[in-house]
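Engineer: Here are the chains, one letter per residue:
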Amino acid sequence: MKVLVAVKRVVDFNVKVRPKADGSDVDTANVKMSINPFCEIAVEEAVRLKEKGVVSEIVAVSMGPKQCQEQIRTALALGADRGILVETDAELQPLAVAKCLKAIADKEEPQLVILGKQSIDGDNNQTGQMLGALTGMGQGTFASEVVVEDGSVKVTREVDGGLQTVSLKLPAIVTTDLRLNEPRYASLPNIMKAKKKPLDTTSPEELGVDVTPRTTTLKVEPPAERQAGVKVASVDELLEKLKNEAKVIQ
Amino acid sequence: MSILVIAEHDNAEIKGATLNTVAAAKAIGGDIHILVAGAECGAAAEAAARIDGVAKVLVADNAGYEHQLAENVAKLVADLGGDYSHILAPATTTGKNMLPRVAALLDVQPISDILAVESADTFKRPIYAGNVIATVQSSDTTKVITVRTTAFDAAVAEGGSAAVETVDIAEDAGVSSFVGEELAVSDRPELTSAKVVISGGRGMQNGDNFEMLYKLADKLGAAVGASRAAVDAGFVPNDMQVGQTGKIVAPDLYIAVGISGAIQHLAGMKDSKVIVAINKDEEAPIFSVADYGLVADLFDAVPELETKL
Ligand SMILES: Cc1cc2nc3c(=O)[nH]c(=O)nc-3n(C[C@H](O)[C@H](O)[C@H](O)COP(=O)(O)OP(=O)(O)OC[C@H]3O[C@@H](n4cnc5c(N)ncnc54)[C@H](O)[C@@H]3O)c2cc1C
Ligand SMILES: Cc1cc2nc3c(=O)[nH]c(=O)nc-3n(C[C@H](O)[C@H](O)[C@H](O)COP(=O)(O)OP(=O)(O)OC[C@H]3O[C@@H](n4cnc5c(N)ncnc54)[C@H](O)[C@@H]3O)c2cc1C
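Here the protein sequences line up with chains A and B, keeping their order. For what it's worth, full-length UniProt numbering labels the leading residue of the first sequence as 1, then goes sequentially. For what it's worth, full-length UniProt numbering labels the leading residue of the second sequence as 1, then goes sequentially.
Honestly, the hints are just simulated from the structure, not real lab data. Be aware that one or more of the hints could be misleading.
As the list claims (entries may be wrong) - Covered by chain A, according to a simulated footprint, are these stretches of chain B (three or more residues, beta-carbon under 8 Å): (1) 125 to 136; (2) 223 to 235; (3) 246 to 259; (4) 280 to 292.
To be verified - So these bits of chain A aren't anywhere near chain B, every CB distance computed over 10 Å: (5) Glu57; (6) Glu70; (7) Arg73; (8) Met192; (9) Ala194; (10) Glu205.
To be verified - Here are the simulated EDC-like pairs of lysine to aspartate or glutamate, each with C-alpha atoms no more than 16 Å apart in a straight line: (11) B:Lys270 with A:Glu225; (12) A:Lys231 with B:Glu282; (13) A:Lys20 with A:Glu221; (14) A:Lys196 with A:Glu70; (15) B:Lys75 with B:Asp172; (16) A:Lys243 with B:Asp252; (17) B:Lys308 with A:Glu240; (18) A:Lys219 with B:Glu118; (19) A:Lys154 with B:Glu181; (20) A:Lys219 with B:Asp121; (21) A:Lys247 with B:Asp252; (22) B:Lys219 with B:Glu304; (23) B:Lys273 with A:Glu245.
Ideal Cβ placement from N, Cα and C applies to all residues, glycine included.
In isolation and in its complexed conformation, chain A is listed as follows (with noise of 0.2 Å):
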């Protein structure tokens, strides 16, 4: 069966960003980009899909500018086997990014989509859950088990109050939490194969769909800062501190 499989280029995880000086947009100039995290836990899980024999083929799929080829090519480099870029400069928010990727699902026809739960720029949480709702496919979210089944995928979730399991009829939408697996490091020969495997680009006009924003940042500022407090000598003068001058103790 094929994979769809969401990489999303970001900020890396490394990076401290700030606003910018006139509070208008986040100072992403000159900052190192990496593939969202959890969108390499979404490729890894579909290579090893596929190891298993359960997979055939795998399609990474990204949104934004030219420049994610890069995280596309990453993706190629870990096993997956071709890739589409939907190239835009526009902003993208989840609901056009759910909408681009239910265009691309209609005419590849994956029997799973696998999206990280959540990118660690936007922290939104929502893509895998809304191109659920636009395919009708079960979602099968915050990962951290998969297991295909015979016409269906059963996946464990990590829940506020532990774990959850599912079954989904197929073809579903599976994303990613952090315990579903560690991803491997793609070797250098992979990288240079990677190069050499089909990365087609089309764009959203192309897929039919209308991406202008439905939400407008007005601004962005720094949260309030914590000073940093004191050193204390020892439990005893902890204890002191909490109880007389915190007095979050009794």
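Assemble chain B with the ligands onto chain A, guided by the hints.
Structural biologist: Relative to the frame of chain A, chain B with the ligands by itself:
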């Protein structure tokens, strides 16, 4: 304006997160209705009717809603929700799973995890692991929103007497089913609503050593959390993870033990009132947000703290 709040409940009781969400609805202003979708959920619906400030409770009692399967509940909410100005749910795993699905059914771009209400269409929300706060304005007719519960003081659970109305819609998308669950059982308070939270990180070395933190927690009436590193290493289960991609907590007192203070961890706890860090590395970034830092070996400091309390 009228606002539909999706209740978080276990069919018998309303969860605290619902009260914070009602508080956010009050901040927006308008008639507040609560939807209790579940199975044999009459008791939860009655409890919802007693929440202060609620005008009406809608109950959809059907086997298909028992486990809050998003495919079914989202259809129900979309059936009911189109005429509301706002649809709100707490940003819990249940709310985050279901509400974007509702939004897409209504062709709305949802707004996740709001921290503050600026006006009926403008909200503040954290992005980039809370390193940036964005003010966003929605142009959709119905605003679909998840609420960061720690950012809104709970509405009063008693005193209201809302009318309870039965909704006779049985949605079954037919694409998903519940198989089972493994829920953590604990006598300690819930992580996201506890007044005191003690979290352990990789410095704890193994799961057995968390016993020290449980003992300390029991003396303080605290909940116990963990860093991602401690969860990934298998010391403790996933429901204990605090951070950008785990749970958000804002207790009166947060004690970080053997945690370095990565931005992803800070994102989940830096709104705590008082932060204590115990770490043997005096350069650890956690000290830059700690009100009280103790540079010490946790294997000495934690037992000493416990005996002296
Ligand atoms: C102030 C501000 C200004 C912005 N300006 C722009 C801008 O000018 N242009 C711009 O492109 N973005 C911009 N963004 C980012 C953009 O708004 C969000 O990243 C976007 O809304 C997507 O949300 P998300 O990635 O958090 O979704 P989530 O729902 O958290 O993403 C979950 C998963 O969906 C998949 N996914 C999401 N998006 C894509 C994608 N594009 N390609 C492939 N898979 C994807 C991935 O698998 C991802 O793990 C801006 C953000 C802010 C805060
Ligand atoms: C996509 C993504 C999402 C993430 N989400 C989260 C999240 O939600 N929550 C989260 O916590 N992390 C998250 N992380 C991980 C985060 O980046 C850090 O790796 C993690 O928080 C580190 O955990 P730690 O502080 O326990 O471990 P470490 O960074 O290894 O720190 C251990 C600390 O223990 C101290 N120590 C060791 N032994 C002792 C001792 N005997 N006595 C006292 N101190 C001792 C050390 O000095 C050190 O400071 C995420 C990362 C990514 C990429």
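Engineer: None of the hints should be skipped; say for each whether it holds.
Structural biologist: Going down the list of hints, with the structure as the test:
no. : hint                   : result
1   : 125 to 136             : holds (count 11)
2   : 223 to 235             : holds (count 3)
3   : 246 to 259             : holds (count 3)
4   : 280 to 292             : holds (count 7)
5   : Glu57                  : holds (23 Å)
6   : Glu70                  : holds (20 Å)
7   : Arg73                  : holds (25 Å)
8   : Met192                 : holds (31 Å)
9   : Ala194                 : holds (28 Å)
10  : Glu205                 : holds (19 Å)
11  : B:Lys270 with A:Glu225 : holds (9 Å)
12  : A:Lys231 with B:Glu282 : holds (9 Å)
13  : A:Lys20 with A:Glu221  : holds (8 Å)
14  : A:Lys196 with A:Glu70  : holds (13 Å)
15  : B:Lys75 with B:Asp172  : holds (8 Å)
16  : A:Lys243 with B:Asp252 : holds (13 Å)
17  : B:Lys308 with A:Glu240 : holds (11 Å)
18  : A:Lys219 with B:Glu118 : holds (12 Å)
19  : A:Lys154 with B:Glu181 : holds (13 Å)
20  : A:Lys219 with B:Asp121 : holds (14 Å)
21  : A:Lys247 with B:Asp252 : holds (10 Å)
22  : B:Lys219 with B:Glu304 : holds (13 Å)
23  : B:Lys273 with A:Glu245 : holds (13 Å)
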